[in-house]
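Asker: Please model the complete structure; the sequences and the hints are all you need to start from.
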Amino acid sequence: MHPEVRSDEPGACPKCGMTLERREAGLGGEEQAELTAMTRRFWISAALSVPVLVLGMTGFVPATVSDWVQLALTTPVMAVGWLVFDRFGKSLVARSLNMFTLTGLGIGFAYLFSIYAMVFPGTLPASFHGEGGGPPVYYEVAAIIMSLVLLGQVLELRARSSTNAAIRGLLGLAPKTARRVRADGVEEDVPLDQVVVGDRLRVRPGEKVPVDGVVTGGASAIDESMITGESIPVAKTVGEKVIGATVNGTGSLIIEARRVGSDTLLSQIVQMVAEASRSRAPIQRLADVVASWFVPAVVITAAATFAAWAIWGPAPAVAYAIVNAIGVLIIACPCALGLATPMSVMVASGKGATFGVLFRDAEAIETMRKVDTLVTDKTGTLTEGRPRLQDVVALNGYDEADVLRLAASLERGSEHPLAAAITQGATERGAHPLAVADFEAIPGKGVAGRIDGQRVTLGNDALMSSLGIDIAASSAQAEELRAQGKTTMFVAVDGKLSGLVAVADPVKQTTPQAIAALHEAGLRIVMLTGDNETTANAVGAELGIDEVVAGVLPGQKAQTVRRLQAQGRFVAMAGDGINDSPALAQAQVGIAMGTGTDIAMESAGVTLIRGDLRGIVQARHLSRAAMRNMHENLFWAFAYNVLGIPIAAGVLYPATGLLLSPMIAAVAMAFSSVSVIGNALRLRNVR
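Following this note's numbering, the numbering of the sequence shown begins with 24 at its first residue and continues without gaps.
Worth flagging that the hints you see were computed from the coordinates, not collected in a lab.
Glycine included, C-beta positions come from ideal geometry on N, C-alpha and C.
There could be a bad hint or two in this list.
Label pairs and their calculated CB-CB ranges [as the list claims (entries may be wrong)]: (1) L215 / V312: 40 to 48 Å; (2) G208 / W66: 53 to 61 Å; (3) Q536 / F658: 31 to 39 Å; (4) G145 / V674: 29 to 37 Å; (5) H542 / G221: 42 to 50 Å; (6) Q536 / L681: 54 to 62 Å.
Answerer: Written out as structure tokens, the structure reads:
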């Protein structure tokens, strides 16, 4: 419940008393050991509590003997459940009253009063004495309630184990060893944690890729469905990137390790899921405010119940007062209130991971459902992000090979996706790049440099205009290429236009289906791109985009998001590059494509591991289901207390003669937690 609480060792939260979660996700060994220990505590407690209940509820054994036998059996139960009293004490020390404050107070009072009444019966006034002449004892109440509290802990631990199943499943995808190829050619199997960046590893047919890396030898096809969701294996040759935990096909590969340990994509996915499951949803603030007043109010109510029954109740008045006050303390235990939103967050974050949607925190889960406008980058988000060279046009005495050679020479120093398309196209066409001096990248416009003593520039209309280069003669030809959805750039030498190069980035196969699904969900879609307006409009018309904003510089993307927000829209921004980071941070929900850069993922609240916009529809649907689930949990948590406390206090007694046994109150308390946990686990079935 309280992510800000940190501890160097396992234990309980000093604020809410719940068991602390490990910060680093693991395979669940410690989790299982804790569950096993708690289960053992419960069964020992239950085995001892049953005979105590039989003795306390029947008169087959003389009272003097029965009381001592009950004490002998109940004391080990108190010892087995000592954690309840330990957390009760810590709640008082921390001045943070919680569920263990109430249960510890109720159980402790019943147990200690019973000992006192049994050892010193003569010191108690007549109002304490029952029909048998002596004061009653409540060992069966203390023992059974302790057993039920321990049962609640077992159920909670099991539920938490179920919610972390997605994390364990992801961790289980990674192989345990890797086959390292030493410098002398000898191969050896080593534990995965001994692999370092730069190691050469062999991946044999049918094996899992141990870490993220690059193929340096061999060829094969790799099943990347755990990342992309696509069942068709992807061909891998020298120079291709591979992802850890994906499955090699029939070929043998040698890869160079590039990311190991916590830096691999799989580890980052696992950590994001774990962090999200521990975060707090904004709606949790309501539960926190209520809880801060709830426990003191319950203690006061229990005291008032005791006083009312002691003064106006039937004989033995104080006995009734004790039983009903304990019932109020037990049934009002706010464990269901504490579990209401964290359980839903844990299940939703794990569920999202199973279909490639990672929520950075609970706030992203809560806010995703409100999105009514999606702003999306074009390259790498709507398109594949792997553009290819399409056309080369030579002008003013240059030939196509010269134009392409000059363009490729400049773009060799750029990291833009279009640069890779030009350099690869030049290589394929035999136009080898030349050395470049004084290279300069002009953000959002192009590149420039000196080649063989000549000043060469490559870029868009804005760059040519700023340099005073006349492009009027080729404008019609450039517009014709752009109308075909191609990004067209001008090449100039010493201030004179020498040619055009056109590059096209194919639209992802899933994008039209994703756009249709987003429109069906009621979202307005805005595309941002640095492309020329004609090219952008061609792509926008093909996909049915609602609004196209072209010629946008990297710094202007966030301005567009702010403009839409000023219109009252709830904006999600989807992007994959470093230049998208400011807009991702500005939007109410930032959505990073998992196929993009790490910086984009760090700036976003949601990451689509498969790089598929259909994940936005899934994330929005899961967000709505999770919030509906949280509201249901909070309703039931409050409803149990609103109905249960007055009944436990005895308001129905004057009219019906009905009283609620503290043991029944404990069962109701446990059932309230079980119902909240069970409702949260329903999120695992969301489709």
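Asker: Would you mind marking each hint as holding or not holding in the structure?
Answerer: Outcome of the hint check:
1. For the pair L215 and V312, the beta carbons lie near 46 Å from each other, so the given range of 40 to 48 Å is met.
2. For G208 and W66, the hinted distance range of 53 to 61 Å is satisfied, since their beta carbons lie about 58 Å from each other.
3. Judged by the Cβ atoms, the range 31 to 39 Å given for Q536 and F658 holds: they are separated by roughly 37 Å.
4. Range check, G145 to V674: about 34 Å between beta-carbon atoms, so the 29 to 37 Å window is met.
5. Take H542 and G221: their Cβ atoms lie about 48 Å apart, and the range 42 to 50 Å holds.
6. The beta-carbon spacing between Q536 and L681, approximately 59 Å, falls within the hinted interval of 54 to 62 Å.
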